[in-house]
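Student: Residue-level listing of the chains:
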Amino acid sequence: MEPDMEQLMEELHQCRRCGICRNAVYDAKGFDGICPVYENSTGFETSFMRGKIIVALALLNGELEKTAKSSESLFDCTLCGNCTQICPAEFEPAHTLELVRGVLAEVPNQVREEIAHKILSNNNPYEEDNSRKRKWISELGFDIPTNGEILYFVGCTAGMRIPEVAKNTAKILKAADLPFAVLEEEPCCGSVLLRTGKPEAAAETAERVSNAIKESGAKKIVVSCAGCLKTLKEDFPNKFDIELPEVLHILELADNLLQEGRLKPKALPGKNTVTYHDPCHMGRELGVYESPRRVIQAIPNVNLAEMETNRETAICCGAGGGLRSYNSELAKKIASRRVQDAVETGANILATACPFCEHNLQSGAEILGEDIPIRDVVSLLAECVE
Amino acid sequence: MEEDTIEKISQIVGSDYISTRDDVLLSYSVSASTGYDQVKPSAVVRPGSTEEVSKILKVANEANLKVTPRCGGSSLQGEVIPAEGSLVIELMRLDSFELHEDLRAATIGAGVTFGKLDKLLKAYGLWLPVYPESSLVATVAGNVAVNGAGPGSTAYGCIAEMVLGLEVVLPDGRIIQTGSEANPNAPGPFLRYAFGPDLTGLFIGSLGSLGIITKVSVKLSKRMEEFHYQTYGFQEAEQAENFLIELKNDNVNAVFASIYEGRILGFFMDMLGEEYHIPEHDWPPFTVSVTLGRLRKDQLESDVKRAAEICKDLGGGVIGISELPRGEWDDRMRTFARSSYAHGWHWRILYHHQTPSNWHKSIEAIWDVMDEYALLGHTAGFATGHSSYNFYPHLYYFPEDEEEEQRVREAHVDLSKRLFKTGAVPFKLAPYWVEGVKEMQEYMKVLKGIKDVLDPKGIMHPGVMGGL
Ligand SMILES: Cc1cc2nc3c(=O)[nH]c(=O)nc-3n(C[C@H](O)[C@H](O)[C@H](O)COP(=O)(O)OP(=O)(O)OC[C@H]3O[C@@H](n4cnc5c(N)ncnc54)[C@H](O)[C@@H]3O)c2cc1C
Ligand code: SF4
Ligand code: SF4
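Heads up: the protein sequence lines correspond to chains D and V, in order. Number 108 in the working numbering belongs to position 108 of the first sequence; there are no gaps in the numbering. Heads up: take any position in the second sequence, counting from 1, add 1000, and you land on the working numbering.
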């Protein structure tokens, strides 16, 4: 997958330097600020997209030396795509920045090298024995085969760090009476590799994933992670020419199952107001906005309260684009601002649909000193259909 | 820049808010003006209060350090490109907002954009009815520093007309307040022309060469909710021009009105036709796109009727396509960003004011220059207030083509000279007008005298304002 440098340079030249990507507040279109990095850092021009593009051009044309320091701002970005959403030019700045990271291979960056090394050698970024990705199954009380027509692709974070999401996904599928499989040795989907600028390594993991899925006999793939969703559904065909069977998020599937009456949730105890945080990969990237909301609203005793920025204009949780690894302090600060947004709605639960978001928002709540529970919609639903 | 100066400034703002990093300096070496050479400052500082701005300027003055004030960095004529080696003082952290509801006024910090202000005011049913088409990035203070205009200006004039007073830090660090707020006991901004001559006006349009505006007090109005969008067609330029003049004469409240000549309309349709759902149409040689706005329905109905009568009396016809003005008005905070760029090209802009009756003279000069220099380009514009029409022709070039870029630069100077001869005046006294303003030597001498008094060491953004 050789990068087309000419096309990349042309895209970078599309930037009009208008600066709308900084902090545009555009009430009529639902924007209340744009760039979470600008809002939560010292805010120099390099913090938001206009400056990042100037730096990228200078690094690529030799005006700036390719050092870790001079390229730092390119990695201080969650690739959330909120700037793309409002940018008036004819390119997609967040995607372009992802490509820039990929071609700046000479730039020394210890964090991304370490992540790539871990993923390539362990099939997960957590440096653990990959067979642990199936460990949660033993706590379920029923077994899951490794082959089948519906494959639940667990993802590294749900499998190894937030097994509740995996267990609850399994419970929902079970409650709907849908037989499903989980791979024996599930390779990492490679999302982090793509975002941090390791496209060759991502191509390698994509190959591994594709082979494993082929062997499983899957005709439909269900995921519970927004990052896996975007990678398998969009990046695999677009970047690696790999066509997988239909890929959908468990909440998209659950939405259908609820509408068909195959899932009948009981009431969630107490009076609940839930606010929903749109994961960037699932929302802005793939346009999945309504199914998670419909699932929330299908649960008796639950009201949905929207945050001021939602759907296309939702502010990021701060974890994306590898920022949690590059600059965890900034990532957590961004999360605390997002939790603040949630608290302002008066909701008593902040729900999302991505283990990365859940994890980072949790850190944000801790910084903020707010004890608002942060739940995955999957867990909320599982609690009501068991 | 001396190490000890950096140290002094970092003690004022905290070390996080001053940067001398190469990548940061590079990102402050340009603005939205793609057609201008980049110039690197030696440091960038982001103060958090007026007091910090004042202390920084004291240090800069002592060190003879040149200073470039910067807000949104959205200016298009190179105005905010720093002087070589200067200190950029970026004011986006000054984001205060104080509403004086009973005075129908607000006092806002230099870092507040029009978009942000509009949202704050909407909650009170108020607005600042002038929206530059960069409202999502331009600050009110930055717009005051260039005396900008935008949708809304057709009825209300340039932003200058909205200003009630300013808080300014002078080059030596003194903080002054103008307008009624110069009396600390005043309940707020209610009169601009208080305490003798208009010091406020001195800083409006001064491009940061006389001091740093840290707060702006502006007039507000009740937010209009009644609008009517219509296009009017004419065969002759003169009819379209007279249409704008008669609307004004008859007090028909056009909040935004533009004349489109066929060529320009074609360009605009290519860019935005689909997005604004403008139907295909055999447009007349001259189309006037008008948004009428009033507080009350009865007023609006009367204006709609009168506009149609005036159009007919002048020999024109009501076209009946409302999507064009509606798109312009509804998307007023960024129509320009959506419409005025050609795919991947760089460009220079030549902001100027004409009279509506001379509209065709600007158009002729613009097309002549584009033809003679064999350039791609177009022009847009809108009526701005009492008797003026604001133009912003664009001259495009392919960024990789140095020869073409040079031609654009020459055409730019040539065009400004020709426009000056037609009676046009600069809108934002950017450097390229220097040639034209030579015919105004005495005026410029007085300006220079004022500059020398306020800024004897010449540290404030040297080079702008005709090279002061
Ligand atoms: C897409 C687009 C559309 C535009 N449409 C319009 C339009 O409709 N109408 C219009 O008028 N302009 C328009 N512009 C130009 C530009 O947005 C305006 O000139 C704007 O007002 C500049 O404000 P800013 O905050 O970005 O100032 P900057 O670009 O940061 O600065 C502009 C000038 O003012 C000085 N300055 C800035 N802040 C201060 C301060 N606080 N005190 C003293 N001096 C200061 C700077 O030194 C510089 O000379 C447009 C630009 C773009 C990119
Ligand atoms: S990335 Fe888009 S929004 Fe940002 S400055 Fe460039 S053109 Fe404007
Ligand atoms: S992708 Fe998100 S974080 Fe990155 S520059 Fe754009 S808005 Fe900022």
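Calculated from the structure, these hints are not laboratory results. Misleading hints may appear alongside valid ones.
To be verified - Computed, partial: chain D to chain V, Cβ under 10 Å:
(1) HIS13
(2) ILE20
(3) ALA24
(4) ALA28
(5) GLU45
(6) VAL55
(7) LEU59
(8) GLY62
(9) LEU64
(10) ILE86
(11) ALA298
(12) ASN301
(13) LEU304
(14) GLU306
(15) TYR326
(16) LEU330
To be verified - The calculated DSSO-like cross-link candidates involving lysine-lysine, where the alpha carbons are at most 27 Å apart (straight line), are:
(17) LYS29(D) - LYS1122(V)
(18) LYS29(D) - LYS1119(V)
(19) LYS66(D) - LYS1219(V)
(20) LYS1222(V) - LYS29(D)
(21) LYS1219(V) - LYS29(D)
Claimed, not checked - What the simulated footprint calls covered on chain V by chain D, stretch by stretch (three residues with Cβ under 8 Å from a Cβ of chain D suffice, anywhere in the stretch; the number is not a length):
(22) 1114-1124
(23) 1270-1280
(24) 1321-1335
(25) 1369-1381
Keep in mind that this is a model prediction, so the values were computed, not measured. The beta carbon of each residue, even a glycine, is placed where N, CA and C say it ideally should be.
Student: Give me the numbers of the hints this structure contradicts, sorted from smallest to largest.
Tutor: The structure conflicts with hints 8, 11, 12, 13, 14, 15, 16, 19, 23 and 25, although it agrees with all the remaining ones.
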